[in-house]
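Here is how the chains run, residue by residue.
Number of protein chains: 4
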Amino acid sequence: MRLAMIGLGKMGGNMVRRLRRGGIEVVGFDRSTEVVNQLTTESGMLAADSVANAVMQLSSPRVVWLMLPSGAPTEQQITDLATMLSPGDIVVDGGNSNYHDSQRRGAWLAERGIGFMDSGTSGGVWGLDNGYCLMVGATAEVAAVMKPVLQALAPEPDRGWAHVGPVGSGHFTKMIHNGIEYGMMQAYAEGLELLRGKEEFNLDLAQITELWRHSSVVRSWLLDLTAEALKHDQVLDNIAPVVADSGEGRWTVVEAVEQGVAAPVLTLALQMRYTSQDQIGYAHRLLSTMRNAFGGHAVTSTKGK
Amino acid sequence: MRLAMIGLGKMGGNMVRRLRRGGIEVVGFDRSTEVVNQLTTESGMLAADSVANAVMQLSSPRVVWLMLPSGAPTEQQITDLATMLSPGDIVVDGGNSNYHDSQRRGAWLAERGIGFMDSGTSGGVWGLDNGYCLMVGATAEVAAVMKPVLQALAPEPDRGWAHVGPVGSGHFTKMIHNGIEYGMMQAYAEGLELLRGKEEFNLDLAQITELWRHSSVVRSWLLDLTAEALKHDQVLDNIAPVVADSGEGRWTVVEAVEQGVAAPVLTLALQMRYTSQDQIGYAHRLLSTMRNAFGGHAVTSTKGK
Amino acid sequence: MRLAMIGLGKMGGNMVRRLRRGGIEVVGFDRSTEVVNQLTTESGMLAADSVANAVMQLSSPRVVWLMLPSGAPTEQQITDLATMLSPGDIVVDGGNSNYHDSQRRGAWLAERGIGFMDSGTSGGVWGLDNGYCLMVGATAEVAAVMKPVLQALAPEPDRGWAHVGPVGSGHFTKMIHNGIEYGMMQAYAEGLELLRGKEEFNLDLAQITELWRHSSVVRSWLLDLTAEALKHDQVLDNIAPVVADSGEGRWTVVEAVEQGVAAPVLTLALQMRYTSQDQIGYAHRLLSTMRNAFGGHAVTSTKGK
Amino acid sequence: MRLAMIGLGKMGGNMVRRLRRGGIEVVGFDRSTEVVNQLTTESGMLAADSVANAVMQLSSPRVVWLMLPSGAPTEQQITDLATMLSPGDIVVDGGNSNYHDSQRRGAWLAERGIGFMDSGTSGGVWGLDNGYCLMVGATAEVAAVMKPVLQALAPEPDRGWAHVGPVGSGHFTKMIHNGIEYGMMQAYAEGLELLRGKEEFNLDLAQITELWRHSSVVRSWLLDLTAEALKHDQVLDNIAPVVADSGEGRWTVVEAVEQGVAAPVLTLALQMRYTSQDQIGYAHRLLSTMRNAFGGHAVTSTKGK
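Protein chains in written order, with my numbering: chain F, 11 to 315; chain P, 11 to 315; chain E, 11 to 315; chain Z, 11 to 315.
Worth flagging that the hints you see were computed from the coordinates, not collected in a lab. Every value quoted in this text rests on a predicted model; they were computed, and no experiment measured them.
The list cannot tell twin chains apart, which means a pair is met if one copy fits it or any two copies do.
Taking lysine-lysine pairs in the DSSO-like style, the calculated list, with each CA pair at most 30 Å apart, reads:
no., residue 1, residue 2
1, LYS157, LYS20
2, LYS157, LYS208
3, LYS208, LYS241
4, LYS157, LYS241
5, LYS241, LYS20
Put together the whole structure using the sequences plus the hints.
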């Protein structure tokens, strides 16, 4: 089995390494020649100096796996690939695309006879050693072709990957996975802040998170990582209180709105990240102004700061 | 009708003025002699130089109205008053006490034959001219004695005041009133922030809030005040994005927990104020740490700042 | 001034009546001939038996005001109108369209030389007598043509209507208005449920809402209506606990997600309506299943029901 | 090491079994003689026919471990025990008491020279085989005495138990643990409901939860149990959509209010359980009434149902 991997960043690069360990031949391309050379030397990946060149090194059915930023870069690459590929070939989007885009792209490629698979990929930097969790949307035919690749990326040949449904359903499932991840993370963060806030008990958060890893109801892989991090530092005074968010958290909330499903925990987990990003606090300023207007409550002025 | 008013601050002082306009005799005491003198001169209030002295200037049944900070100051004053008053006298707590405290204090005074009325008082700095909205908890007998006072404080003799139930129910009703106030304020603040955030429309928030005052579904007194404030300044860059909260917002949320009632809007309105007060952002720091731990996502460092 | 009104339902019909009172000539069309005849007789509206016929009864610049359900009906009508109108004519969408649609439609009509105005219209069934609150997006030229119409619909010629910005901004402002409305309504509903839930006080919600109308901080037009409704019935046992939602509440939440603004109160107000609509409670069933799985907690079975 | 175990229900009974496996001598008492006899036969527990009798079978320092319902039963038992124990003896509360109660009881017992340990105990029905996660608040002296017992209950002698701080801190830590548990559960439930709600994908929730157990970011013990349960039934039509809540979830929310910490996810997880328990939906009825009042929107009547 041979495939082309386009995009050799943090995720794509490690996926190449894991595929190579699994005996899969990989032709790799990245905008950075240095990255290509490094992976070629290290893993026996076959180097390509362009996407077209990568495609040329494949034989039918040609499989091109994209690990690109979602949005315009993925869109452009799929459009370009359509001119290089033939009926029966397969494009895989392993990035974090919106599932509506994947459905549209899958249908567009299908009109050209080209197969499409959307693979939601979880595992982060730990995927190289632990294997990736792969949520796959595709036709049965495409999924069958891709099976050996999925087995090599997954933690075991028979677990950690699944063909969950038609094109789009892989990215949909990954989107919800990330929504849940937001909710779980916020739950831990709120709880730990309350532990820390109870100053009279002077609790050791590293001790407690380690403790909870064993037989508690809240044990999880996220807790394992959190406990490990807190062993090194639980003051966190050199970590800024700003939390980035990504498309999938946002799309999950929009999906809930569109389905008419109450998802307050997933929503608030996102919105609390927004508060962390807010440099202005306009709503807060308004509230302070209103309180002054009706109650004569003092307003904290920023003057003189 | 004559009563003693203890505590002549922002609320108590204006209430004396309105009572005097209504022909009620008031004996006033405040820790600040200056405040007492000012009100005496201005309104014809009778001055007292101690609570005991104020009580001595009353005749049976003696009515002492407290406008003190909730918690210890009110608690202490009621305890002290019990030694100065006789069966048939009446203590009124017009401050923002927790209704559980008012129930307890009412029962304690009742054991001594002293009547108690809890008067939740809304109206802020506008109450002097507009009248106060008074939510009163008391026995029928006590409420009957207090009726002329309530009529003088209210906007009209027949509206803006009500005997809503037994002792405690006045402060309970005021607590819920404030909970609703939090929710309404947050609703406006979120909406206005979204108007402002739509930069391509370059909306004039003073124009829109003024517009909404006329025939829209969201018109309200809070909107009147907000529109007025935004006419003078809608940038708000010299107002700090920090919003204070008071006991009643907190107690409302606890009440909802205890009743087993979902009150997410009242709760989140409070919690958003908490985020405005949070100088550390520990939960955010934790989340950023977790993201780094599982995904290798960059952490914004505060080093070098 | 003469215009055509297309769609004479609850809102459109009353707007015709108010325009007629203001001396504006109106050519009216509705799918229901009966409705057209009734309004013609009652208000002196000129009847049309088709949209084309309505357009024919206008002179340049022809103004066609749509009061149609948002989505497909409005879309189709605007597409059709484009073939009947000429450069310089004006289409007004007074319905509850998504502002993105209005921006798109405005641009599409502008390519054909046809003006467009989006008018967010608040006031409900009370608009006929009180006047409507009109939030208008348009070019300065279009707004100038429409001014007499807006003045007739508004509560007063100089208030209750405003040209807030470019095409799309009227519907945007109305969307946010409705988002705030959701939040305010939920705030009142939560507070009143807590008043009712305090059974020992046996509070009279009609009394308290009436009380709050006078000088309280939470007084508003929504409260006026609520107090009036509760006078007739505060048990509400023949009102189903199901609350519909409309596009604008949903779009506001999506807008907040897209702006990256935390709007928990507007969001939860929507999501609580979703819970009221949920006939299945799948998430609740899952939670009950989980509790059983880890703790052996009893599950309430529906068997035998 | 020998101790008395009072309360041999679902948790207490299994803890006796695990202690016996670890070679700890246990004198057991329960209101049910049948339960006492069963455990005596099965595990070699020593039977007691009253608490006093259990205490008599101990030697100094006597250790009495309570596994009783929180609130009045635990309170009463501790009060009673104080008359049976001597200075140097130890009472352990292994139930789900409020930490404020534990602090008060610990201080009260300390005045009598009796030691107290609050042990928050997680693990549910799985604790017997997997060991319990024990969060312990006590003085260093009391914790030292209890160490062999904790080691026998925990999954391993060196993990799954910890002396986290002074009296009260064990139950505090367990309270927060449960708060986090609520949040995590709600996050999974919301996500799974959204997976199910995307009907066009016809997703198999048993497949997806099993898939996520391997290398995904959301893997956890709760997910393990959920996946196992969904294998047997993912329709859940014989599980009622009603979710019970317990003291600890509520206390966590109150703690957040008191600390002034925004904990929206833990709070909403609780409040969504409340919505599942709400048989009346008064807030929803109010909202429906308001919509009718201002907009003439149809109200769903329950008449004739």
